[in-house]
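Colleague: The lines below spell out each chain.
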Amino acid sequence: MQTKRKLKLVVLLACAVLVVLTGVGATVAYIITSAPSVTAQFDLADVKCELVAAAPVVNADLNGVYSCSYTVKNTSNISVYAKVTVTWNDVSAKPEISVGDANWQLLESNSNSQTYYLVTSLAEGASYDISFLVRYEGEESLELNAVAEVIQAEPASAVLENWGLLVSESGTLSPISITIE
Amino acid sequence: MKRLLALLICMAMLLALACPISADELSASFVLTVNYVDTALNAVAAPVSIIFDEVINVSNVPINTVTGFDISYCDEGVYADLIEITDGYLAVNSVYDNVTVNVVLVPGADLTPVLDKVVSVTYCDELGNVLGVTDTGAVYTDGVNSYVLAASYVYNSVVYYPVGGMAVVSENVSTVNVQPLTDTENSEGETSGNGAEEGSEPPAEGETVVTPPAVETVITYSATVSCKPAVSVIANYNYNATYLESVGSTAVLKETSNTQCAVFEAKEEIAVLNESGEDRYALVDLYGNATLLSKISNFDVNATNEVTFYYELMPKVGSLVITRSSWKMDVRHYRIECTDAGYAAEVAIIGSGSLMVSDLVPGIYTVTDLSAYNRTGIADVQTVEVKAYEAEASVSFGDIDSALEDTGVSTKWLSATSNIAKIILTPNTTVN
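Going down the list, the protein sequences come from chains L and C.
Start counting the first sequence at 1; every next residue gets the next number (this note's numbering).
Start counting the second sequence at 182; every next residue gets the next number (this note's numbering).
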């Protein structure tokens with residue numbers, strides 16, 4: 001009796017395996033036969049960002065030095081690289097901006113603006129602060145306007161073609177260096 | 182019994198998992214349809230499946246490289262400016278829900294060019310009739326067979342595209358079957374019809390009106406005229422049903438009776454045709470094909486004396502070479518136009534290469550990079566004069582859209598700019 005039940009179970013299991021293999025085979029056949037006509041569906045990448053300014057803080061010990069901070073938020077649905085450009089309306093003001101975080105590197109500088117890029121990518125939904133000190137000894141108020149720009153992190157050629165920055169294997173940005181011998 | 186039931190439930194679950202999932206069932210809002218085509222834009226079966234890795238974030242969709250060929254985007258269609266394939270990625274900067282991509286299969290890295298070998302390519306129509314021979318066939322090899330990638334071919338102002346795009350090289354000669362891409366009817370913008378139609382007046386009573394047989398690119402005329410030897414520029418036909426007929430692009434003077442002579446300008450000289458039909462044909466051959474450019478038909482059909490028709494016949498003996506320099510292997514389309522000659526045609530160049538368009542009426546030609554215009558909205562237009570019996574005129578194109586990208590105008594990659602965030606430094610700011 002016990003042997004008969006075992007035999008029955010084995011037959012049932014064999015049937016089950018056969019049915020499963022048939023299903024898998026049919027699936028593979030379906031995929032192969034329908035391969036030339038491909039319709040793929042996927043979500044569109046959406047690249048965007050936000051920039052939030054924090055209220056400046058006067059350094060109590062250093063006259064005319066302000067602690068400032070912006071927060072860049074990646075509101076895209078993919079990873080991006082970011083850069084921030086700070087401009088001031090008064091060219092003669094000549095504020096001295098000093099960014100202590102090594103993850104922010106100076107990309108461009110001229111008489112009324114400075115641009116910093118974040119060497120690491122920002123994941124979807126991630127934020128990163130750019131904090132800096134500004135020495136400004138003018139008597140009139142000075143307005144600092146900042147704009148963040150982001151670009152898709154993959155492929156690496158995107159940031160290279162648009163910003164002229166190289167992406168290392170570890171994903172960090174660096175300027176293109178030219179060696180003259 | 183319970184065990185059996187449990188087993189059946191397990192089987193059903195496994196079967197459900199094994200069943201193929203339709204792409205439509207994947208959660209998404211974007212549909213990408215891929216058509217495989219050859220260089221003539223004919224649909225072909227995909228040599229391998231195209232696999233989109235993960236198919237998330239369409240801006241970075243890796244494209245497979247097919248063995249022996251590179252997949253290159255063909256910038257055809259309304260979505261041309263929205264799609265770019267670069268470095269094996271498909272970028273779609275689009276808000277559209279549906280995008281169709283034609284994937285052109287062209288020789289790729291696995292086909293090695295045979296640098297010291299260039300074969301002649303014989304172009305035949307679908308019936309095997311030889312249209313012409315060119316020597317621009319670069320040879321590739323996959324280690325077993327040698328191939329030649331045939332360029333488009335212009336014959337009688339009609340652009341022919343190779344069927345299948347490639348042909349196996351045989352004994353240094355390769356034959357490629359081609360088919361016309363454009364409509365052959367009135368391809369040069371020429372008008373056709375008889376004199377009554379052109380003159381807007383009915384033929385005189387008793388006058389013989391000859392309607393020539395319908396042939397390709399027909400230039401016809403009917404009238405009765407008398408001979409007036411060797412005058413001015415143009416042509417001078419006299420009474421008794423004379424008409425011009427074009428066989429292919431060769432203008433031939435024909436008559437039904439009593440035509441004594443005619444003046445025919447081909448080349449820069451005036452040639453006088455005698456009564457011999459053979460001489461007439463020989464003369465046409467000698468001076469090359471001729472195309473009717475204009476005619477004046479405001480004549481009095483009731484005139485009893487001589488009526489003269491003026492035909493300006495220009496030889497089709499000019500050539501134009503279009504060169505494209507690019508690192509890409511995609512297909513670029515160029516439009517060639519000459520308003521004075523009523524000529525318009527499109528040609529295509531794959532990757533870097535040159536294409537000669539011969540059998541052209543002399544004149545000022547403009548060549549427009551249609552692909553660049555479709556992609557960027559900016560027309561890259563070159564103007565060149567094609568002269569008769571002189572070295573071929575030439576125009577050169579790069580990829581203007583690539584140049585734009587180099588200068589920061591990019592439609593290729595997704596980027597965005599944030600809001601403006603203000604910080605106001607006020608000298609009397611207090612410590613927070």
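For the record, the hints were derived by calculation from the structure and aren't laboratory data.
Beta carbons are placed, not taken as given, at the ideal position from N, Cα and C, and that holds for glycine.
Check the hints yourself; a few may be wrong.
[As the list claims (entries may be wrong)] No farther apart than 35 Å at their CA atoms in a straight line, the calculated lysine-lysine pairs in the DSBU-like style are these:
#1 K73/L <-> K48/L
#2 K94/L <-> K48/L
#3 K73/L <-> K568/C
#4 K603/C <-> K48/L
#5 K73/L <-> K94/L
#6 K603/C <-> K94/L
[What the hints assert, rightly or not] Just a few of them, taken from the derived set where beta-carbon distance is under 10 Å, the chain L residues facing chain C:
#7 L51
#8 A55
#9 V58
[Unchecked claim] Label pairs and their calculated CB-CB ranges:
#10 V24/L <-> R516/C: 50 to 58 Å
#11 A54/L <-> T598/C: 42 to 50 Å
#12 V349/C <-> S157/L: 47 to 55 Å
#13 V24/L <-> I601/C: 21 to 29 Å
#14 G534/C <-> E169/L: 34 to 42 Å
Colleague: If any of the earlier hints don't hold here, list their numbers in rising order.
Modeller: Per hint list: 3, 11, 12, 13 violated.
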